[in-house]
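Protein chains: 2
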Amino acid sequence: MEEIFSVEELENFTRNTFLAIGCSEEDAKLATDVLVKADLRGIDSHGVARLIGYVRLWEAGRINPTPHIKIVHETPSTAVVDGDKGLGLVVAPKAMEIAIQKAKEVGTGWVSVKNSNHFGIAGYHSMMALDQDMVGMAMTNASPLVAPTFATERMLGTNPIAVAIPTNEQPPFVADLATTTAANGKLEILQRKGLEAPYGWIQDKQGNGSKNPHELKEGGALLPLGGDREHGSHKGYALGAIVDIFSAVFSGANYGPWAPPFVSFLPLSDNPVGEGLGHFLGAMRIDAFRPADEFKWHMDNWIKRFRDTEAVEGKQVLIPGDPERETEALRLKAGIPLNSNVIRDLEEVAKKLKIGFKTLQ
Amino acid sequence: MEEIFSVEELENFTRNTFLAIGCSEEDAKLATDVLVKADLRGIDSHGVARLIGYVRLWEAGRINPTPHIKIVHETPSTAVVDGDKGLGLVVAPKAMEIAIQKAKEVGTGWVSVKNSNHFGIAGYHSMMALDQDMVGMAMTNASPLVAPTFATERMLGTNPIAVAIPTNEQPPFVADLATTTAANGKLEILQRKGLEAPYGWIQDKQGNGSKNPHELKEGGALLPLGGDREHGSHKGYALGAIVDIFSAVFSGANYGPWAPPFVSFLPLSDNPVGEGLGHFLGAMRIDAFRPADEFKWHMDNWIKRFRDTEAVEGKQVLIPGDPERETEALRLKAGIPLNSNVIRDLEEVAKKLKIGFKTLQ
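Listed in order, the protein sequences are those of chains A and B.
To convert, note that position 272 of the first sequence is 289 in the working numbering; the numbers rise steadily by one, no gaps.
To convert, note that position 202 of the second sequence is 219 in the working numbering; the numbers rise steadily by one, no gaps.
Worth double-checking, as some hints may not be accurate.
All copies of an identical chain are treated as equivalent in the list; a pair is satisfied when it fits inside any one copy or across any two copies.
Said to hold, decoys possible - DSS-like mimics (lysine-lysine), calculated; alpha carbons at most 27 Å apart, straight line: (1) K222 - K321; (2) K121 - K87; (3) K54 - K313; (4) K102 - K368; (5) K203 - K54; (6) K371 - K46; (7) K332 - K234; (8) K54 - K369; (9) K332 - K210; (10) K222 - K332; (11) K369 - K102; (12) K350 - K375; (13) K102 - K313; (14) K371 - K54; (15) K234 - K210; (16) K368 - K46; (17) K313 - K87.
None of these hints come from the bench; they were simulated from the model.
Chain A with its partners taken away, still in its complex shape (with noise of 0.2 Å):
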């Protein structure tokens, strides 16, 4: 069971929720913007869906909605950013914003994040950079849900990596990725459907690959792009631990299996090893390397060769971003599909908060 709301009704009642909870004007517009961007990009276990997963953590004082973000060393080119315990949906655009100024006065800058939380999408935070002519770069570390190759037990999260490359009349480059085979997010759609999972998604806690999307539930873990040693999953675990690294050991944060996790009914480390969860934000002008406009008209070129790859009957060679954007650009128009168990959950913080919500009048 699905409903249809529009976009101004789930960006209205999702500022109105992060104002609820104490943050400032400015802050709850921020996080409104990247959260609802998830559901309009199509990642709708990126967006509203996980309005009630941050209003727990705030009933759980792992949120500070009214952080004083800070840098806390920095260089011409580098800065790591204590975010204050507060919102990653708001940490991680000033972070962002670091990164470019750094790359305005020295061609690139690099920001390491602690004491952050979940910041949504990775790739919002690197389209931030497309409009300055930079090539914008993000990565976050989350809650242990991954099994390094020949493990059983969890070690990393998703740790997703975004790159975001300007263009001039394409559309911009967009990749945004979990260094998984698949995310958690496309579990949960199983889940719901009663379907099984392909093989290479996940295994159970024995280790044993597994088609049950409920898997996680039981002791089991997903699986590093690639799935298993024989299709290459040691090299999506090393790109996972590279995200880990510099998201967290860089910074200062919690690294691995002590990163803290998203729900709230599951307790932190005892002994953590930083603080909180971490991010890496990169931008990278393009007239640092060459000029801009030479640049954009390559990537043109670039896009529009592999659009025309010759192609299996039926199927087309796309550009990163391209699914995102096709679906941005019809639920502007048409809304945004919500199910009934997100719906409910939105209900939940509308009663919790003594806040309006549409399907509640």
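Mind docking chain B on chain A? Use the hints.
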């Protein structure tokens, strides 16, 4: 049939080869160091097995043994380097030195290279940063052998990403991974042994999954990490694309299907979009983020915790770089095994250039 060679024998022969084609003493030594490092680390496909390929490229006039390698554009944290058709084995480490120098000055350094060719193992260049207390990164584009998701055409190289991260007591973290399910070298091993490839490594020219390790000679292609769409091949494709763009669109090298082939018998593109092959090299000072000792203490802790991960019966969770480091320790003592095809190629090089070789004495 294999024969064991001492490291010194292979180094002498390789250096004499590069001297014979006109390299300076310094460049011949550097190129030898990079090439033989691949054999030492067990990445046999990228070691002296490729020496004849470099010689043939030189014969075809595609390699300049006395390049004037220069910075053509720079900012405090970036540079574009023109390799002047030099050996990638020489151009890449010199570009990495520039990245390291910039990191010393402003925290990080990022160098995109054009007009180069095959640079050996990416891991070598990334590891140059380690004893500077820096994180090193190296990427390169390469001859088009890989079909993007849904494609029947080869558009990208195996486009590797290497990341080296310094430690204190533990050996360093060194990830060096092709963005394909399996590197071409693994297919060559299967070909020699007459074995089939697992599904997910290659496709035939119609885009169907194939087990035939000779498929590339018949119009087939390697597959991006993930193997197929259901297992995330669009992520491997996106990663390979990012490497291509950072290496070649940033610098002004040839990208995508225009990337020049390694083998000299294939023609260069009639309408190149840039100059030669491209690389991307990066260095980040760890103390640009937090005190170096603190960073390295946490890296040791990261590595110990991951090594202790609960694993499936009879297996252990490895740290990226473990297998290569163990092979290197072994081969430094026991020597380097070469198969008869490689020995035959080295004999051909020896005759062609009139230099001594063990088996010909």
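Now for the hints, and whether the structure bears them out:
Taking the shortest alpha-carbon separations for K222 and K321, only the inter-copy value of 22 Å comes in at or below 27 Å, while the best intra-copy value is 45 Å. Taking CA atoms no more than 27 Å apart as the test, K121 paired with K87 passes in both settings, with 20 Å inside one copy and 24 Å between copies. In this assembly of identical chains, K54 and K313 lie within 27 Å of each other by CA distance solely inside one copy; the values are 25 Å within and 37 Å between copies. For the homomeric pair K102 and K368, the shortest alpha-carbon distance inside one copy (25 Å) is at most 27 Å, but the shortest distance between copies (68 Å) is not.
Taking the shortest alpha-carbon separations for K203 and K54, only the intra-copy value of 18 Å comes in at or below 27 Å, while the best inter-copy value is 42 Å. In this assembly of identical chains, K371 and K46 lie within 27 Å of each other by CA distance solely inside one copy; the values are 19 Å within and 73 Å between copies. Proximity of K332 to K234 under the C-alpha cut-off of 27 Å is restricted to the inter-copy arrangement: shortest distance 24 Å between copies versus 36 Å within a copy. When the C-alpha separation of K54 and K369 is checked against a cutoff of 27 Å, the pair qualifies only within one copy, where the shortest distance is 24 Å, while the shortest distance between copies is 62 Å.
In the homo-oligomer, the alpha carbons of K332 and K210 lie at most 27 Å apart inside one protomer (26 Å), although the nearest pairing across protomers, at 35 Å, exceeds that limit. Within a single copy, K222 and K332 get their C-alpha atoms only as close as 37 Å, which misses the 27 Å cut-off; across copies the closest is 15 Å, which meets it. Taking the shortest Cα distances, K369 and K102 sit within 27 Å of each other inside one copy (22 Å), while across copies they are farther apart (67 Å). Proximity of K350 and K375 under a CA criterion of 27 Å is satisfied intra-copy only: 19 Å inside one chain copy versus 73 Å between copies.
In this homomeric assembly, K102 and K313 come within 27 Å of each other (Cα to Cα) only across copies, at 25 Å, whereas the closest approach inside a single copy is 38 Å. For the identical chains of this complex, K371 and K54 are intra-copy neighbours only, at 25 Å inside a copy versus 65 Å across copies, given an alpha-carbon limit of 27 Å. Proximity of K234 and K210 under a CA criterion of 27 Å is satisfied intra-copy only: 17 Å inside one chain copy versus 43 Å between copies. In the homo-oligomer, the alpha carbons of K368 and K46 lie at most 27 Å apart inside one protomer (21 Å), although the nearest pairing across protomers, at 72 Å, exceeds that limit.
With identical chains, the CA atoms of K313 and K87 are at most 27 Å apart between copies only, with a shortest distance of 24 Å across copies and 34 Å within one.
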